Amino acid sequence: MTNEKTVLFIEDDEHLQKVMSACLKENGYNVLNATDGELGIKIIEEENPDLILLDLILPKKDGFEVLEYLKSEEKFKNIPVVVSTNLEEKHDIERAMSYGVRAYLVKANHRPDEIVAKISEILNEQSVKN
Amino acid sequence: MILPKLLKLLSAFNFKKYCREYKIGLWEYPPFIFSIMGGVTSVSILATYLVSRVYAEPLIVVLIVCAVAVVFLILSYIILISFEKMAIVSKEKSEFINIMSHQLRNPLSSIKWQLDILMNKWESLNKEEREQSLSDIEEQNERMIGLTNDLLEIYRADSDIEVFQESMFSLNKLVLQVKNKYLKRAAFFGVEMEVSLPEREIFVSADETKINHAVAHFFDNAIRYSPNGGKAGVLLEKVDDVVKFSISDEGIGIPKEDEGQIFIKFFRGNLAKRQKSEGLGAGLFIAKTAIESSGGKVGFSSIEGKGSTFWFTLPVKNKKI
Chain H
0 MTNEKTVLFI EDDEHLQKVM SACLKENGYN VLNATDGELG IKIIEEENPD
50 LILLDLILPK KDGFEVLEYL KSEEKFKNIP VVVSTNLEEK HDIERAMSYG
100 VRAYLVKANH RPDEIVAKIS EILNEQSVKN
Chain D
0 MILPKLLKLL SAFNFKKYCR EYKIGLWEYP PFIFSIMGGV TSVSILATYL
50 VSRVYAEPLI VVLIVCAVAV VFLILSYIIL ISFEKMAIVS KEKSEFINIM
100 SHQLRNPLSS IKWQLDILMN KWESLNKEER EQSLSDIEEQ NERMIGLTND
150 LLEIYRADSD IEVFQESMFS LNKLVLQVKN KYLKRAAFFG VEMEVSLPER
200 EIFVSADETK INHAVAHFFD NAIRYSPNGG KAGVLLEKVD DVVKFSISDE
250 GIGIPKEDEG QIFIKFFRGN LAKRQKSEGL GAGLFIAKTA IESSGGKVGF
300 SSIEGKGSTF WFTLPVKNKK I
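Here the protein sequences line up with chains H and D, keeping their order. Quick note on numbering that gives the first Met the number 0: the first sequence kicks off at 0 and runs consecutively. Quick note on numbering that gives the first Met the number 0: the second sequence kicks off at 0 and runs consecutively.
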């Protein structure tokens, strides 16, 4: 099965990145990886992914800076973003949601297949809309 | 009925007990300051009344009232400062929870995700994949143990709890052990390590575990903040009656404005945070505490953008044969 959809995973923890990338690939997604926000933005510009799975605490440019960049760019502002983080404080959630992220998932509370299911749900909704 | 209530009320005036509990000074504890203010107010009013009755001079009464006002003003200022200090402590606590939530939950999440894959896809994984997953779990578990050990060290340092096991050991051997432990990590970050040790072994009398942790923190920092392809140089030498360990990196360096705070616990400079999101900001604090508790000194020199050299000294002991 291939969805031919590209998911960009911006995550600085190599282990989390490895597991999630394997799960996404298993579900037929094309996966791109970035280990910091700066590289993430570079890949967004070059590859224009269908969805971004984004950690918030990142080196070089953090997740909020990536969200700010996406908001400011007409070409990329409609890319759905799923936040996958371990920050669970109300102000962090509210701040991320104010950028219109589609889901805010706390890594410690979700299994990889639950995150993949959420991604599939959002991408399916997106396909119906288009 | 009344006696227990009275005792409970009186126990509230055991200010020293509460100060020890909250780890603040007597003059930083608002109920104590309020009690003093209450006492001073009562005595002042009584004194003002008595004095004015005796002298009946309006000028003196005015002066006394002014003096009392100044005292109240100073006391109010102290109260404000003490509240501010409590607010800072509360803010630090909140920031600490934020740091911990990320630093401890990331390895925990990683273990959770790996276990989930192992449990649900065991049959479809080959031997190599299973071994790799288990090795990753072990690495994350070690990371968690390291983080919690650091927290314990900080708690002990804050609470003046001394766990000091002095023994005589070779610093040459210890540095080599730590170097070997960090070879894999250095290769992962693409950092070349050069270790230069004296031919004759140098012995010190200190807490070997603590010194091992301190040296490990210096290695870890040098590797983590060096660029890919960079070098980290370690030098161990005898200078007069002390042994000097120094480690230089070609990393991001320390900005001038951060220099005074580098050994403060949970401090991470903006440059460091920009470079690596992982880190408690506790390593240098723990290293400094460990070295100083063994009678040594710690310091550093740094040029922003070029790199840093951290060093420590320990008194040399001659090994009795």
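Source of the hints: derived by calculation from the structure; they are not laboratory data. Heads up, a few of these hints could be off.
As the list claims (entries may be wrong) - Here are the in silico distance ranges between beta carbons for each label pair:
#1 D:F82 x H:K41: 46 to 52 Å
#2 H:K41 x D:S300: 31 to 37 Å
#3 D:E256 x H:K41: 25 to 31 Å
#4 D:E91 x H:K76: 33 to 39 Å
#5 D:K84 x H:K41: 43 to 49 Å
#6 H:E64 x D:I302: 26 to 32 Å
#7 H:N77 x D:G24: 52 to 58 Å
#8 D:Q260 x H:N77: 38 to 44 Å
#9 H:N77 x D:S89: 39 to 45 Å
#10 D:E193 x H:N77: 34 to 40 Å
Owing to the predicted nature of the structure, the values given are computational and were not obtained by experimental measurement. Glycine included, each C-beta is placed from N, C-alpha and C at the ideal position.
Consistency of the hints with the structure:
1. D:F82 x H:K41: 46 to 52 Å: holds (48 Å)
2. H:K41 x D:S300: 31 to 37 Å: Once the Cβ atoms are compared, 35 Å apart, the range 31 to 37 Å for S300 (chain D) and K41 (chain H) holds.
3. D:E256 x H:K41: 25 to 31 Å: holds (30 Å)
4. D:E91 x H:K76: 33 to 39 Å: holds (37 Å)
5. D:K84 x H:K41: 43 to 49 Å: holds (45 Å)
6. H:E64 x D:I302: 26 to 32 Å: holds (27 Å)
7. H:N77 x D:G24: 52 to 58 Å: Holds - the Cβ-Cβ distance for N77 (chain H) and G24 (chain D), about 57 Å, lies within 52 to 58 Å.
8. D:Q260 x H:N77: 38 to 44 Å: holds (43 Å)
9. H:N77 x D:S89: 39 to 45 Å: Holds, at about 41 Å.
10. D:E193 x H:N77: 34 to 40 Å: The hint (34 to 40 Å, Cβ to Cβ) is violated, given that E193 (chain D) and N77 (chain H) are roughly 51 Å apart.
Checked against the numbered hints given earlier, the structure breaks only hint 10 and satisfies all the rest.
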